Structure formats: C-alpha cells, structure tokens
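**Q** Listed here are the chains, written in short residue letters.
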Amino acid sequence: MEEEVRRIASDILRGGKVAGVLGLRREHGQVGPHLFTKADELGSLVLSPKHSLAKTVVMLTPRKKRLGIVVRGCDERALIELSKLNQVTLNDLEIIGITCSREQAEECGCAVPYPSRITVGEKVEGVEDPLKVKLLAMTLDERNGFWREQLAKCQKCYGCRNACPICVCRTCEMEQMMWVPKGALPPEMPTFHLIKVFHLADKCTGCGECVAACPVDIPLKTLQLMLLDDMAALFDYDAGIDEGPSPFLTSLEECPIKEAQHD
Amino acid sequence: MSEETPKSPPRIGVFVCHCGKNIGGVVDVPSVAKFAEGLPNVVFSTDNLYTCAEDGLTCIKDAVVKHNLNRVVVASCTPRTHAPLFMSAIEEAGLNQYLFEFVNIRDQCSWVHMKEPEKATKKAMILVEMGVRKASLLEALEEKEIAVEPSALVIGGGVAGMVAALGIADHGFQVHIVEREERLGGLIGNIEKVYPVKRAASSVISDLERAVRASPMIEVHTSSTVKDAKGYVGNYDVEIQNGGASTFHRIGAIIVATGATEFKPEGMYSYGEDGRILTQLELERQMREGKVDGVKSVAMIQCVAARGEKFTYCSKMCCSVAIKNAIELKTKQPAIDVSILYNDIQMPGEALEKVYTDAREMGIKFLRFPLKARPQVVADGGLAVRFFNESLGADDELRPDLVVLSAPLVPREGAKELSRMLKVPLGQDGFFFEAHVKLRPLDFATDGVYLCGTAHGPKGLQESISQAMGAASRALIPLSNGKVRGEAAVAFADEATCIGCGNCVKVCPYVAIDRVERNGRFVAVVNSALCKACGTCVPACPSGAMTQKSFTDSQLLEMVDAVSQEEA
Amino acid sequence: MADQFEPKILAFCCNWCSYAGADLAGVSRMQYPPNVRVVRVMCSGRIRPEAVFKALSNGIDGVLVLGCHIGDCHYLTGNHRTAKRMLVLEKLLDHLGVDPRRLKVDWISASEGEKFSRTITTFTEQIKKLGPANGGAHGRRG
Chain A
1 MEEEVRRIAS DILRGGKVAG VLGLRREHGQ VGPHLFTKAD ELGSLVLSPK
51 HSLAKTVVML TPRKKRLGIV VRGCDERALI ELSKLNQVTL NDLEIIGITC
101 SREQAEECGC AVPYPSRITV GEKVEGVEDP LKVKLLAMTL DERNGFWREQ
151 LAKCQKCYGC RNACPICVCR TCEMEQMMWV PKGALPPEMP TFHLIKVFHL
201 ADKCTGCGEC VAACPVDIPL KTLQLMLLDD MAALFDYDAG IDEGPSPFLT
251 SLEECPIKEA QHD
Chain B
264 MSEETPKSPP RIGVFVCHCG KNIGGVVDVP SVAKFAEGLP NVVFSTDNLY
314 TCAEDGLTCI KDAVVKHNLN RVVVASCTPR THAPLFMSAI EEAGLNQYLF
364 EFVNIRDQCS WVHMKEPEKA TKKAMILVEM GVRKASLLEA LEEKEIAVEP
414 SALVIGGGVA GMVAALGIAD HGFQVHIVER EERLGGLIGN IEKVYPVKRA
464 ASSVISDLER AVRASPMIEV HTSSTVKDAK GYVGNYDVEI QNGGASTFHR
514 IGAIIVATGA TEFKPEGMYS YGEDGRILTQ LELERQMREG KVDGVKSVAM
564 IQCVAARGEK FTYCSKMCCS VAIKNAIELK TKQPAIDVSI LYNDIQMPGE
614 ALEKVYTDAR EMGIKFLRFP LKARPQVVAD GGLAVRFFNE SLGADDELRP
664 DLVVLSAPLV PREGAKELSR MLKVPLGQDG FFFEAHVKLR PLDFATDGVY
714 LCGTAHGPKG LQESISQAMG AASRALIPLS NGKVRGEAAV AFADEATCIG
764 CGNCVKVCPY VAIDRVERNG RFVAVVNSAL CKACGTCVPA CPSGAMTQKS
814 FTDSQLLEMV DAVSQEEA
Chain C
832 MADQFEPKIL AFCCNWCSYA GADLAGVSRM QYPPNVRVVR VMCSGRIRPE
882 AVFKALSNGI DGVLVLGCHI GDCHYLTGNH RTAKRMLVLE KLLDHLGVDP
932 RRLKVDWISA SEGEKFSRTI TTFTEQIKKL GPANGGAHGR RG
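Chains as they are written, first to last, in this note's numbering: chain A, 1 to 263; chain B, 264 to 831; chain C, 832 to 973.
Quick caveat, the hints were computed from the structure, so don't treat them as lab data. Keep in mind that this is a model prediction, so the values were computed, not measured. C-beta: ideal position from N, C-alpha, C; glycine also. Among the hints, a few may not be true.
To be verified - Below, a list of computed lysine-lysine pairs in the DSS-like style, where the Cα atoms sit at most 27 Å apart:
1) B:Lys-554 x B:Lys-461
2) B:Lys-701 x C:Lys-946
3) B:Lys-284 x B:Lys-493
4) A:Lys-153 x C:Lys-922
5) B:Lys-769 x B:Lys-490
6) C:Lys-922 x B:Lys-385
7) B:Lys-382 x C:Lys-922
8) C:Lys-946 x B:Lys-378
9) C:Lys-959 x B:Lys-378
10) C:Lys-960 x B:Lys-378
11) B:Lys-284 x A:Lys-258
12) B:Lys-382 x C:Lys-960
13) A:Lys-134 x C:Lys-959
14) C:Lys-960 x B:Lys-385
15) A:Lys-132 x C:Lys-959
16) B:Lys-324 x B:Lys-284
17) B:Lys-593 x B:Lys-628
18) C:Lys-922 x B:Lys-769
19) A:Lys-156 x C:Lys-922
20) A:Lys-258 x B:Lys-385
21) A:Lys-258 x C:Lys-922
22) C:Lys-946 x B:Lys-382
23) C:Lys-959 x B:Lys-385
24) B:Lys-593 x B:Lys-579
Said to hold, decoys possible - Now the stretches of chain B that chain C is said to cover, found in silico as 3 or more residues with beta-carbon under 8 Å:
25) 337-351
26) 371-377
27) 389-402
28) 795-803
29) 820-828
Start from the sequences, fold in the hints, and give me the full structure.
**A** Put into structure tokens, the structure is as follows:
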C-alpha cells in the first residue's frame, strides 16, 4: 500500500496538481508529519503509525496552492467537520484516501476504518468498541462508579484536547477559571471532561487520538462514541460523514427529533 | 446618559421591598436587608415599604448619590412589570440604567410559600445573593440607533403591491414598484369581474394604476426584477434590472407583494388531453373571447389538487370564483346547465352567502362528493364526469360540454430565490412565512421586510387589500421614525477568540450576525441594531467567543455558584 | 440523614414564557415547595448544557430548563436548539451514571401558572426521592 501511495503522491507532485503532499516521513528511525514538496523525497513516506494530519491542514489554511494529503477514514471525517467549521477548504485539497487494516481497526476500536473516497486499499468492516459494549450493559450506579474512578486519574495535562484534530479554538473553555477552578487535581468532575465531550458530541470522528495522548488511560473516546450513536438515533446525523450542519444548529423543521421525547 | 461601565470596583446598593404585607407578611424583610449588608461589594442595604412609591424611588436616588453607588439591586415584585420604573430612577440619579438587577421575592417567593415563612426568608436571601453576584459583573449598556433611509421598495405590481405603495407614498416617502411583467395588475388582470361587488377587474386595476402613476413619490419599474438586495433594515442597497440595464437604489423598507398563480393540474382529471377541460382562469378568458357561447352544459369540479390531493391546503377563493363564473354563464345564457361538484362550499360573510343563495335560486346545481374519492374525468370523444353523489348515496355521471377545474393558487416562480436574497423564510407550502401567525402577520422575522397579498397565501381581493394597507403601516413605522433602536442586552463576539466557524450565523433567527474578514481572519460580527438579545448564539459558539451582555456566562455561573454554596 | 433531605433545585426560566408563567402562579397564589431558585434568561436557547452539568457537579440536586412551547418561542427557534441540546445532555448524563431524571426540560407558557406550580412540586418530590446528587470532586457535598 505504501508504494501505491508514494506513486500517487509522486504523480500529483510532478504533474503540478499540488504544491506539496502532507504525509508521514520516516527519517533517522523516527516518524513524523512532513510536507513533501519534491517527488524524490517520497521514498521516505510511510503510512504508520497512525497520526492525524487534519490539524496540520488548519495551520496551513488559508494558502494559495493546492495541497495533497494522505488520510484515513477518521482524518477525512475530521477534515469534513473542520470544513463545516470553516477552518479548512476541502476544494483546495487533493485527498489520497487509505484504508485501515483489520488489526488497526481493532486497535482503535473503530467502527468506520475507511474514508468515503478510497484511493488505495481494501475496505474492511469496522468493530464495536468493547468498552462501549461493557458500559451499556452496566447499571447506572456501576457506570457512575466507573467514570468516577476514571476521571479521578486526570492530571489536567490537556493532552486529549491538544491531540484532538477538531479542537482548534484559539482559547479553550477547559482552561477558564469560571468553568474549571484552578489549583485542584483532579480537575472539577465531570465538568472538565464534559466540556470537551459535549463540544465534540456532534463532531467526534472516533480517531482515538485523545486516548493515545492520555498518560493515565482515561477512555474518553468511548463516551464520545456513545454520544455519536445517540446523535444518529435522535437526529439521523453522522458526524464527519453527513455534509449538512449539526442538528444543534438547525431548527426542528430542518432537523426534527426522531424519538418522541417531549410533548 | 452615562455610557461608561464604572472603572472602580462595584459599590452595590440593595433595596429590599416589603410591598406592604405582600412580601413583608411572609418574608422577614429586615433580616434580608441585614443579610445583604454582609455580601461582597454591598456598601448600602435597606428595606422599603413600597419601593415603587415616590419615597421609595427617592430613597434609591438619594442612596446612589450619597453612597456613590455604581450598581443597584432591588428585591421586590417582578421585573416584567416594574423594572422600567427603577431603571429610569437610577438613570435620573446619573447611573446607566443597565447597571441594575431585579430580584423577584414576591411573585416567585412570598406569594408562593405563604405557609413557610422561614424557608421563604431563606430563599429570599439566596435570591438576593444571586442578584448581588450578578450585579457585581454588570456593565453599562446602550441601545444602538441606526438611521433609516426614507424610501421603500415594493416587489410586485399587482393590487396588493399598488395599494401598499400608495399607502407609503401618501406619507411622503419615495416608493419603487418593481413588476416582472409588462403591465401592472397582477393576478386579477386575468379575470373579468370581481364579486361580490360585481365590478370589472380591469377597473379596479385602472383606478389603482392611475393613482400610482399620478403620484410623484412612486417610480414604477415594469418588465423589471430585483437582481439583488443587500443590507438590513433602513439600509438596503437594491439593484433593479430591466433588460440589460441596472439601476441602484438606497432603500429603507421592503414589501413583498409578489402574488401567486393558478395551479395547472397537468396529468389530473385528464387536463391537457382535451381542449374542453379548462381551469377557472382559462374559462374566464374563453368567456371574454366569446368562445363559450354555444356550450349547453358545464360541470365545475372544486378542490382540484387541493385539500390533500396534491396540496394540503384549501385555496379559499375557488368556491367564490366558481360560483361567480357559474352565475355569469347562467346570466348570459339562462338555458345553460351548470353543475358544481363540491365537497365543502366556502362563501364567508353575508354578501358572499347571498351570492351562493342567488346561484342556487338561478338553478345552478350543487352536487357533493367525498374528499377521499374524487370525481373522475374521462375524455372519450365527449366528456364524462364520474363521481359518488353523496346526496343520492350512489355513483353518478354527467356528460357536460365543458369541464372546469377549480385549482388552487400556488406560489409564483422565483419565490425561493427571493426568499434567499431577502433572508426571509418560506412556509411548508412554499408561500412566504410571516413572523407570527397571530401577533405579527404582516412582518417577517427579519426586520425591515413586510408581506401582503397572495404571496402570503391564497386569499381574496378584500383581504389582499387590507393586508397591503397593513403592510404599508408596518413599513411606515421605521420610515416615519427615521431610525430604529436595537436591544441593549445584545450578543457580542470577541474578535481575538473567534475562529470564524459561522455557527452563530447559522442559528441566529434574525440574521443579525455576519462572518467578515478582519485582519486577515474571518470572525463573527453581531449587528447590534438587528440583534434581538435572545442569546441563542452563545451555546452555538464552540470557543466561548460569543457572550450576551447582561447574561454573560460568568454572571450566570456566579448565580449558579451562589446556589451551589448555599448552606443546607 | 436522608429523611430530612431538602434538595437544591435550580430552574432556568425564559423571560417571555416560563418566567411569566411562574409570575402567574404567584399572582394566583399557587403554593409550591420553596426549594427552587430561578435564574432568568431571555430565551431558553441561551442556556448552555455546560452550565447545567456544572450545576449538577456542584451540589445542585436537580435542574429544570423551562422554555416556551415549541412553535411559540418569542425568538422563533431558540427553544428548538434547547430541545435538541438538552436531549443529548440527558443521554450524556445517563452514560456517565448520573440519573438523567435530575434534568428536566419542559415547556410552560405565560398563561400556565398552574403547570409551573405543578412542575416544580412534582420535580422537587422526584429529586427528594433520588437523594443528593453527590456532585463535586472536592467534598463540597457528599
């Protein structure tokens, strides 16, 4: 798959279609994000480990030239959500969509391990997050106990927020005194985490970067996945896949509630 | 008027009201005043028997001056009735009227906890603390004023458009009428007579047109369209296009009077298969051209495509149109056989009811069919109309020379584009949608744009004319005042924090927020003249850039915190 | 300890409908439990779900969000967003193990004084049965 991606990247670079290709580069045994601007650099382009480049696109927007980018399913979804937030322009991107393997899907607990536009790779079926299944089977009190224990570990490092491809706010409410008092560890529970979770309820792509970044393994992603299921059930809305606006922004005529909840 | 938020720390005065026995009979008012003394930033606290009375207001004004207060909290009845009174009192004392917070300890405390005076007192105390905490963070506010251009645009030169234009021109304002067709007159230009007055439609049009053309304030643009209308109430930049040429105008208010058109029921009731199957408008034209003279029998079918067949609504006027045409036919040729197949007859009012009676007395037949089994029309060389006759309780058939279908009025082509251009909504059926069906039937939610006539939905001439006069009156409010005042507690986007996502723009019901380029970035800017101070944009903002003055997150959270901290 | 538990109830009320309905309950002298503290906003659309869960995390045992009936919002569609946001918040509370019945969203018009009084009474009793919310990580309550 890597060869194929390098070939495509080379084509679009040489053909002048794009001024550069955003991807991962292996150099001196290390892998990091890189903007490939010359075709002969592409020998060092790799596809693993998984790392989202969507936020990098935000940093490179606006710009005058088209950019190529290697994206997995979650990256593409992040780009679509960022585009809805007017932080990237999809039209000036040349997307090279790659699929994840079964192993990668299981590692991430990913339900949609492929982009909508697949350039290279074979689609594999997604998996259910095993923790989600476990939590749904618990009682209310059991879940309460679980999350108290998990959130109490928090070191307020902001890793989850920093790693999230959708978190692009210039100032973050998780850092504001009026929402989360300073000087306490763990930070106010569950307010600190719920700010992120609620803000991302209609945007999360399930990429799992938050979990990868967390030094104490708080499974924040699982909470987001449960909300994504709710958004689909209540509003027929799939974050990162639907091109329409979030149900939180539209009237009930434009996007009604599916289940009968209120009179 | 003092505009500046005091730069010194808050100095709050608290005034707790007895309201005679209304509050004082349940709540221990003096203790509440004493409790307030101990709250942070409170430098003065007292109780009054009737704070709204002359001496109560004087007490407030004196205290503001004597104790150099820069925030005032009154704990008494309800802001919905008495806030304006206290706010003007503090304004008189030299303080911006928005540096004021009202605490409700009567309607929502003493009156509803009459049997629990101790708990009511404790509640009053915490409510006062909530008010004091919020007051500490209040800022001075102003109501933004914008000038209104003394001119109006009427889109549509039919009866409603002309009446509205005359209404505005009569008050001395310049009006531009933009009409798509070559001639003024609109829908009724296609008909002969208007009932129940039995006047020629052409004379209604010519009377109005004469007045319109005679008015020095009205400029008529026929064969023209509104190419663009940018801006907001009082300040529109309108481009009127005629052929290839455009003219540009500054406009203060816009009236939508674009009318409606008769639905052509293609593929229904064999319409289009035979030239003897007509709509009512087509019938009127043929009557005018003498093409109906030899006809011996006519069957009219009501509710074609309406009331659940293709459209949900009843088009209000098809009954009077059908009966009118039936009477006209029968008057000209008394021997002609006319049957009207109906489900319900809508002839509201005395005059129209009389017309209905006259029609029956003339021998026009009324035959009822059920809505769920509509009549069928077959062109088999002749014409067959088959239906279930409810009066007979049996299937029936007519073989008329002519079949006339009463089809509903539907929105005109171009309504969608216009609705986007003016940022006004369309309803479920594609007609323009008013701000509130009962309270604001001629306004749009967007300030400065008004609605009248069949553009709003099917209606008769009388109703259209009333609406047009009404819409003109509504438009005259900002025009006559020369200015509009905004709300004080408006939303505000912090430019440094805003990421320009546009969420706020999407949720604002009043289209009061724009996404503009500032210093190389896109940010949201609230038009404080249009903002209605609802605050819906605040939760839509992902980054906390959006606040609502006098209802900021920090103010509301302080109030919540007071409750959290309250001792059990 | 639980027998004398008096819950703390916070109610966000919109100026045009529910706050007016609350005033009407007062004018009509309808009596209801004194546990509720009202925070007035202009529109229920102003209410941030974050403020609601912060309240529940800080010693408040039940939160009411009261707006205009759908279709009657003074600001046209403000309450539409409230309806959707609060619905998702209820789900989130449930996922976290917080009883979603601690949040109630209801629509009360200016003429429904009786409904206001009844809503407060029923909700207060409900929260009494549920017990303290035990919110707060730093020992503020429970």
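**Q** State for each hint whether it applies.
**A** Comparing the hints with the structure gives:
1. Our distance criterion of 27 Å between C-alpha atoms is met by Lys-554 (chain B) and Lys-461 (chain B), whose separation comes to about 22 Å.
2. For the hint linking Lys-701 (chain B) to Lys-946 (chain C), the alpha-carbon distance of about 23 Å falls within 27 Å, and the restraint holds.
3. Taking the CA atoms of Lys-284 (chain B) and Lys-493 (chain B), the gap is near 57 Å; set against the 27 Å cutoff, the hint is violated.
4. With a C-alpha separation of about 24 Å, the suggested pairing of Lys-153 (chain A) with Lys-922 (chain C) holds against the 27 Å cut-off.
5. Between Lys-769 (chain B) and Lys-490 (chain B), the direct Cα distance comes to roughly 24 Å. Compliance with the 27 Å bound is thereby established for this hinted pair.
6. Of the supplied pair hints, the one linking Lys-922 (chain C) and Lys-385 (chain B) is violated, its CA atoms being roughly 34 Å apart against a limit of 27 Å.
7. A threshold of 27 Å between alpha carbons decides the hint, and for Lys-382 (chain B) with Lys-922 (chain C) the separation of about 34 Å lies outside it, so the pair is violated.
8. Annotation: proposed proximity of Lys-946 (chain C) to Lys-378 (chain B) holds, straight-line Cα distance about 20 Å (limit 27 Å).
9. The hinted pair formed by Lys-959 (chain C) and Lys-378 (chain B) meets the criterion: a straight-line CA distance of about 20 Å does not exceed 27 Å.
10. Our distance criterion of 27 Å between C-alpha atoms is met by Lys-960 (chain C) and Lys-378 (chain B), whose separation comes to about 23 Å.
11. For the given pair, Lys-284 (chain B) sits about 51 Å from Lys-258 (chain A) by alpha-carbon distance, which is inconsistent with the 27 Å threshold.
12. Of the pairs offered as hints, the one joining Lys-382 (chain B) and Lys-960 (chain C) holds, with about 20 Å between alpha carbons and a cut-off of 27 Å not exceeded.
13. Between the alpha carbons of Lys-134 (chain A) and Lys-959 (chain C) the distance comes to roughly 30 Å, so the proposed pair goes past 27 Å and is violated.
14. Annotation: proposed proximity of Lys-960 (chain C) to Lys-385 (chain B) holds, straight-line Cα distance about 23 Å (limit 27 Å).
15. With a CA separation close to 31 Å, the supplied pair Lys-132 (chain A) and Lys-959 (chain C) exceeds the 27 Å bound.
16. Distance check on the hinted pair: Lys-324 (chain B) and Lys-284 (chain B) sit about 24 Å apart at the alpha-carbon level, within 27 Å; holds.
17. A C-alpha spacing of about 11 Å is found between Lys-593 (chain B) and Lys-628 (chain B), which places the hinted pair at or below 27 Å, so the restraint holds.
18. Restraint check for Lys-922 (chain C) and Lys-769 (chain B): satisfied, since their Cα atoms lie roughly 25 Å apart, inside the 27 Å limit.
19. Of the pairs offered as hints, the one joining Lys-156 (chain A) and Lys-922 (chain C) holds, with about 25 Å between alpha carbons and a cut-off of 27 Å not exceeded.
20. Proximity of Lys-258 (chain A) to Lys-385 (chain B) is assessed by CA-CA distance (about 43 Å); at most 27 Å being required, the pair is judged violated.
21. Taken as a hint, the Lys-258 (chain A) and Lys-922 (chain C) pair is honoured in the structure, with Cα atoms around 14 Å apart against an allowance of 27 Å.
22. For the proposed pair Lys-946 (chain C) and Lys-382 (chain B), the alpha carbon gap of about 22 Å is at most 27 Å, so the pair holds.
23. About 19 Å separates the Cα atoms of Lys-959 (chain C) and Lys-385 (chain B), which keeps this hinted pair within 27 Å; it holds.
24. Under the criterion of a C-alpha separation no larger than 27 Å, the hint pairing Lys-593 (chain B) with Lys-579 (chain B) is consistent with the structure, at around 23 Å.
25. Counting residues of the stretch 337-351 of chain B whose C-beta lies closer than 8 Å to any C-beta of chain C gives 3; at least three are required, and the coverage claim holds.
26. Coverage of a stretch by a chain is defined here by at least three residues with a beta carbon nearer than 8 Å to that chain's beta carbons; for the stretch 371-377 of chain B and chain C the count is 6, and the condition holds.
27. Evaluation of the coverage hint for the stretch 389-402 of chain B: fulfilled, as 3 residues show C-beta separations to chain C shorter than 8 Å, against a requirement of three.
28. With 8 residues bearing a CB less than 8 Å from a CB of chain C, the stretch 795-803 of chain B meets the requirement of three and the coverage assertion stands.
29. Remark: the stretch 820-828 of chain B is confirmed as covered by chain C, as 7 of its residues place a Cβ nearer than 8 Å to a Cβ of that chain, reaching the required three.
Taken one by one, the earlier hints fail for this structure at numbers 3, 6, 7, 11, 13, 15, 20, listed in ascending order.
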